[in-house]
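> Guided by the hints, dock chain L onto chain Y, whose structure is given.
Which chain is which? The protein sequence lines are Y and L, in order.
The first sequence begins at 409 in our numbering and counts up by one.
The second sequence begins at 868 in our numbering and counts up by one.
Be careful, since some hints might not be right.
To be verified - Derived coverage of chain L by chain Y (criterion: at least 3 residues anywhere in the stretch with Cβ under 8 Å from a Cβ of chain Y; other residues may be distant): (1) 913-924; (2) 928-942; (3) 952-959; (4) 994-1000; (5) 1164-1174.
These are computed hints drawn from the structure, not numbers from a lab.
Keep in mind it's a predicted model, so treat the numbers as computed, not measured.
Glycine included, every Cβ here is placed at the ideal spot set by N, Cα and C.
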Amino acid sequence: MNTGRVSGGWWLRMVVLVLGAVVFLFPFAYMFTASLQKQTTGDLGSVIPLPGSSGTQNYVAVNGAISLGRSLFNSGVFTIGVLLCTLVMGVLAGYGLARMQFRGRGTVFAALLLVQTVPFQLLMLPLYVLVVRDYGLGDSYLGMILPFAINSTAVFLFRQFFLQLPAELFEAARIDGAGELRILWRVALPMVRPALLTGTLIAFIGPWNEFLWPFLVTKEAGMQPLAVALAGFMSNLRGTVENPMGAVMAGACVLAVPAVVLFLLFQRHFTQTNIDSGTKG
Amino acid sequence: MSVPLMSRAGGRDPQRHGPYGPRGRPGDGPRGRGPRGNRQPLGALFVTPYALFLVVVFAVPLGYTVWMSFHRFYFTAPGTDVDAPWVGLSNYRDVFTDPVVLRSFFNIAVFLVINIPLTVVLSLVLASALNSRLPLRSFFRAAYYLPYITASVALVAVWGYLFGTDGLLNHTLGGLAPDPSWLVNSALAMPVVAVFVTWTNLGFFVMLYLAALQGVPRELYEAAGVDGAGRVRTFLTVTVPGVRHATTLVTVLAVIKGSNLFTEPYLLTGGGGPDHASASPVLILYQKGIEQAHPDFAAALGVVLVLVVVSLSLIARRFTERKEV
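This is chain Y alone, in the form it adopts within the complex (with noise of 0.2 Å):
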């Protein structure tokens, strides 16, 4: 930027990223040190854990509470549910709408962009009369799912993606008789990687995080993913361990650490694209 002042401004700059660092992680970095202490206060010394003090029987508590197996399980499903409809359903919608014309496609863009709009918690208690008490879907994977089936975000940013590919490669396929279907596959697919990337990110962290819509929607506690069960240990269950605080932030890592795991393996891509889909187009 400011060529003449570089070197004046570096050490402001680096300064100011650090403390920002340090705010952004230390609550993780103490969230995995509390998870592994035998006796989990809130004092000076919880920062730095002593190894005569640690061990893995917070883990073992909250999974006595909770049945962590079973819980991530419950999540497992619910995300993979998730993800294969938006791959497939939503790469197909993309690619309609991004590069194939037919009637109603500007009605099924403008709903697109409306739905993005309008958060899902305003429409939680229509949802919970008609999936938990009209189709009788409570308790079940299918009613967890399907309100988040098609990540509309992620058909958007499918469509930005699809849109961006010169026009030739698809007039070339289609003179060669190629049929949509292949030509999505074989074509447009192989180019739009990064879209796929961020699309699965999106799929992913949507329903691994969530907590207000499986919550409402199951009551037993053997289909709760692992966010709701750790949300009920947190407010019921907690008198039932001997070290609750610790408990709590072992769950609190376990949640975390696949959504964080596979932020880091594609961080570079998703920023970007993420960024990009918002606010480009």
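Below, chain L alone, put in the same frame as chain Y:
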């Protein structure tokens, strides 16, 4: 979760702008006549699952909630048929005269007054600091983004622990710790929620501003340098106006986020406590509609919130588009 954005280019019709080039192959008939652009009816088939999905999880619930909001509606056992008499605007009157609902709107105002300036200032400062060649740049970006992609239940757990009565923050503050403690103090509960939400979403806005900063013409900085403007002055006269679209977007997204706040007051402050001091409209919607079984009241509240959010988004969109010209 992932934040919906209004795209400026969103409404653009690709046909008109032409990645397809000139339309009309031989034999297509006169241009501009007949079913405009129904050349690949197969496309309708591709889009059908998504369109059906939108009908089932968006259009039908939206219609249902509007219908419910004008009727007296009860939860009934499956199979039983109970009338739902038309009651006009009475549910809406109940919503606007309910002290808890009014309190929750006030709480959201408090939330926004803290959240918006804090988000704008901090994300702009961090984005400006990131906007040059630096070591560890992708490390910083990832670090700021981390809370945004982590489950709010896990983050709420840590914050509840940090801000708890016997938490690290109070131990650090010693005698300066507030009494009653943060999350059970009616003056501090909502501000803590606002700061928490700022922290979780900041990374997203840093990236948003970073993208916007890259669109500010370099010549403006050079011109400011030639005019002898200092760093602060350059920041205020070049950077801040240069990213105003992003600032509008931040404001709109903060309002939308505020209007659908649920997990944070539900878990962090134990159900919007103390005494509704941190209750949000969606939390009231849940408590009234499902816990206390007044779905008609909750439906009316939901309709009000949808109207607020959609009109705000439309206003913001018009606002950004006009400035574009």
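> Counting residues of the stretch 952-959 of chain L with a beta carbon closer than 8 Å to any beta carbon of chain Y, are there 3 or more?
Our answer is that it is violated, as 0 residues pass the Cβ test (under 8 Å) against chain Y, missing three.
> When I compare C-beta atoms, does the stretch 928-942 of chain L have three or more residues closer than 8 Å to chain Y?
Held - the stretch 928-942 of chain L has 6 residues with a Cβ nearer than 8 Å to chain Y, which meets the minimum of three.
> Are at least 3 residues of the stretch 1164-1174 of chain L within less than 8 Å of chain Y when you compare beta carbons?
holds (count 5)
> Has the stretch 913-924 of chain L got at least three residues whose CB is nearer than 8 Å to a CB belonging to chain Y?
It holds, with 9 qualifying residues against the three required.
> Given that the stretch 994-1000 of chain L was listed as covered by chain Y, double-check it with a C-beta distance under 8 Å for 3 or more residues.
holds (count 4)
Violated hint for the displayed structure: number 3, the only one.
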